[in-house]
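Undergrad: Read top to bottom, the protein sequences are chains X and H. Position 316 (the first sequence) corresponds to 316 in my numbering; numbering is contiguous. Count along the second sequence starting at 1, add 1000, and that's the number in my numbering.
Simulated from the structure, these hints should not be mistaken for lab results. One or more of the hints may lead you astray.
Said to hold, decoys possible - Mimicking DMTMM-like on lysine to aspartate or glutamate, the simulated pairs with C-alpha atoms at most 25 Å apart in a straight line are:
id, chain 1, residue 1, chain 2, residue 2
1, X, Lys-170, X, Glu-151
2, X, Lys-252, X, Asp-264
3, X, Lys-16, H, Glu-1342
4, X, Lys-266, H, Glu-1210
5, X, Lys-239, X, Asp-93
6, X, Lys-119, H, Glu-1303
7, X, Lys-119, H, Asp-1079
8, X, Lys-214, X, Asp-179
Only a predicted model underlies this, so the values are computations on that prediction, with no experimental measurement involved.
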Amino acid sequence: MSMQIKPILAALRQHKAGTVLIALQIALTLAIVCNALFIIRQRVAHLSEPTGIDEANLLVVANQWAGHWSPAQVDAQILADLAALRQLPSVRDASPSDGYPLSGGNWDNFVMRTPEQLKPTTDASVYMGDEHMLDTLGVKLIAGRNFNASEIMQMASRQVVIPPVVIVTKALADHVYPDGSALGKPIYSMTTTPSVIIGIVERLQRQNVSNWSKPYAYESLLWPIREDTDGLYYIVRSKPGQLADAMREVPKALYAQSRMRVFDPKNGGSFAQIRQRAYDSDRGMAILMGIISVVLLAITAAGIVGLTSFWVGQRRKQIGVRRALGATRSDILHYFLTENLLISVGGVLAGTVLAVGINLWMVTRFEMSRLSMGYVGAGVIVLLLLGQGAVLGPALRASRVSPVEATRST
Amino acid sequence: MELFAYYLELAFRSLKRSPGLTALMVLAVGFGVSACMTTWSVFRAASGDPIPWKSSQLFVPQMDIWSSSARSGDGEPPDALTYTDALALMRDHRALRQSAIYEIAPAVFPARAGQHPLTLGGYAVYAEFFPMLDLPFLYGQGWSAAEDAAAAPVVVISRALNDKAFGGANSVGRSLDIAGHDYRVVGVIDDWNPQPAYYDVFGTGGYTREGPALFVPFTRAIAGDLENGRTACDAEPSSPGFAGLQRSECVWITFLAELDTPARVRAYRQYLDDYAAMQRRAGRFLGAPNNRLRDLPAFLAAEQVVPGDTRVSFLVAVGLLVVCLFNTVGLLLAKFLRRSGEIGVRRALGAGRGAIYAQFLTEAAIVGLAGGALGLLLTGLGVLGIGAVLQPRLAALATLDVRLLVTTVVVAVLCTVLAGLYPSFRAARVQPAWQLKSD
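Next up, chain X with everything else stripped away, as it sits in the complex (with noise of 0.2 Å):
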């Protein structure tokens, strides 16, 4: 094979223009196909991250109170109204709460491990519920013990009530005290009243799943706090696999109890319907830089097999007077795939610098990370195998050339 390369490099010299393209697209298409894959990996891992709740059994109802309500009567309505969910057949428990899980609401408090520090250690997605709540999200509690009944506080709208004691997520207290220490010790959150970490749940996933509170990821704490403000959610857990009736079945239970309501359809759901809106845009990039990818690749084989069936037409008499001279098929064969081996290791050569290129600008302008040189290696391969690919059909037409073509004039 090696003894073919001259000849090659020779020939390509006569048509540089085509060789130069075919170059120029194999690069750009490995630039852009690494990039995109990249875009699609980040995304996909994104919207894979679990939430460490019972996912296939909860759903929220987003509830909100009619009419002016005093706090006293919202809190009496919600007791009533928990009552009534947890004795539904196809509920297992039920909780009020501020939030959920990928809601993309963001109530989150700053948090300081001690009270009188300027710059706050980090910032924490705030859920308040009762004692049902660890129960309810079907979240592992692996240190210290739940909220028990008499510690949940009312909290009435716009009311300053900070617990004496608080459970937080695992990511949060290893934040806080990166020793381990954190059972039993206070954190501040936008306040100078400590509230004592009594208990951490293995993992428990923000609001707010968007860039910004990346650097927060799983870093969320709960408050034994019901809240009597205008509107709240109630998480729901079915019993397993009772998830479509539970749906059924609470809001005509919670209607029962007063009609004095309005639940917001575009608000809670299942939990499936609360995880495919969250990751919307992440899942729609995903499939958008897929289509891309597809139709460049399809572009740039179909390229190189429409310049390469040129060339074999415009050589067919070159074919055909090597053919006479001895040289066997698979020489032919073998003299297309070389030369568009060549052309193509020019092309990612290019490819890669562009590649590298194109990610740091994004870096600085999209907030994106570093494209780690195994997606620049896949495309590097992907490219390779579609130039030969492409290249295949055209060169065995080549290699079928007779030596009679010798002969001809034309």
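Dock chain H against the given chain X, drawing on the hints supplied.
TA: Positioned in the frame of chain X, the structure of chain H alone reads:
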């Protein structure tokens, strides 16, 4: 003209001779152009100026009440105001027109019997909000400054709410139960949902699917305890309730000021600095005044309202188009040079280089036109289907209009002719004598 017809005929004949190559070029141009146009339509809509006739005269004041430079790192003051500061700005009234704005979501009880209460999104604003932002009134008008001062229970409702609550009739003078109180309808606005929702970037994050359903006087909303949407705090308020929020250093109110001359803008900037200095002497603000007074386009850019995704997808689509064009250059080159013999004969018979250029560029333009037609079809499908892949709120902004369709065809033809330039140049260089000899 006759010559052009001749070139057209030549072009069609040549394109028919190699249908595979022709189809490939048309597909490449069609896909490339439609990918660009579809993503561009979203990008254009998302980054558009929501109020182009006035945006350079609308300003958003920001004040660094928390000395947040130390905290957030970028030195940007919060993008909303405290109640204290919003009221002070309203009271001093240094702008031509101005309004403090906050989001409300009260339960509304439609007058017609048997209807469920509805939770509707709206805004608490001042009287000047309506003329300042040129809201389109269907019936009636906004309220007066006197009604602001009196905290009057009046309301301006959207066309959609008017349809729902009053069956679309002129409801001016009728009353509407909002959060348990009667409000008198003074105006009905036509559909109004500018994107980005520049009047409340703080609360909406930039894009909204539906426009506000109602507007009530700011003073009335405060008096009637209509609570706000989003709040951002540096520390927990020291006293409870909505009243506590009003006394706190939390920000939750957006503010728009209309400043029509550079002199007014300068004066307003000075006023903000003086105000911040005064607050500092009173012990409220820390550090030197760190204010912003950006016009609307600058504010939207600073808030990074346009999601990076729309830009990245547009850029990737442009990359796709570029590859498609390189592809077309290569295929046209192959196609044109395959006809070296024919070119040689034409040249020998006296056709000038210009004639060869004209012939081959015509051929390229026809490919472009066909690609454009395919591109139109694919762009149409793309705009309809983009909702499946981009955020629905954003995708809903993308619309098929005449401008987009015309641009699609023009871009397709221009790009293909551009791609045809080098192959035509090569074709025009074919030597007449050499071709005749060698064959």
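Undergrad: The structure should be examined with respect to each hint, and the outcome stated for every one.
TA: Hints, verified against the model:
1. Between Lys-170 of chain X and Glu-151 of chain X the CA atoms are separated by roughly 22 Å; this keeps the pair inside 25 Å, and the hint holds.
2. Distance restraint check for Lys-252 of chain X and Asp-264 of chain X: the Cα-Cα separation of roughly 15 Å lies within the 25 Å cut-off, and the hinted pair is therefore satisfied.
3. Our distance criterion of 25 Å between C-alpha atoms is met by Lys-16 of chain X and Glu-1342 of chain H, whose separation comes to about 22 Å.
4. Proposed proximity of Lys-266 of chain X and Glu-1210 of chain H is supported: the alpha carbons are some 12 Å apart, at most 25 Å.
5. The suggested pairing of Lys-239 of chain X with Asp-93 of chain X holds, with an alpha-carbon distance near 8 Å, which does not exceed 25 Å.
6. A threshold of 25 Å between alpha carbons decides the hint, and for Lys-119 of chain X with Glu-1303 of chain H the separation of about 23 Å falls inside it, so the pair holds.
7. Between the alpha carbons of Lys-119 of chain X and Asp-1079 of chain H the distance comes to roughly 20 Å, so the proposed pair stays at or under 25 Å and holds.
8. This hinted pair checks out: Lys-214 of chain X and Asp-179 of chain X have alpha carbons roughly 22 Å apart, not beyond 25 Å.
In this structure, none of the earlier numbered hints is contradicted; all agree with it.
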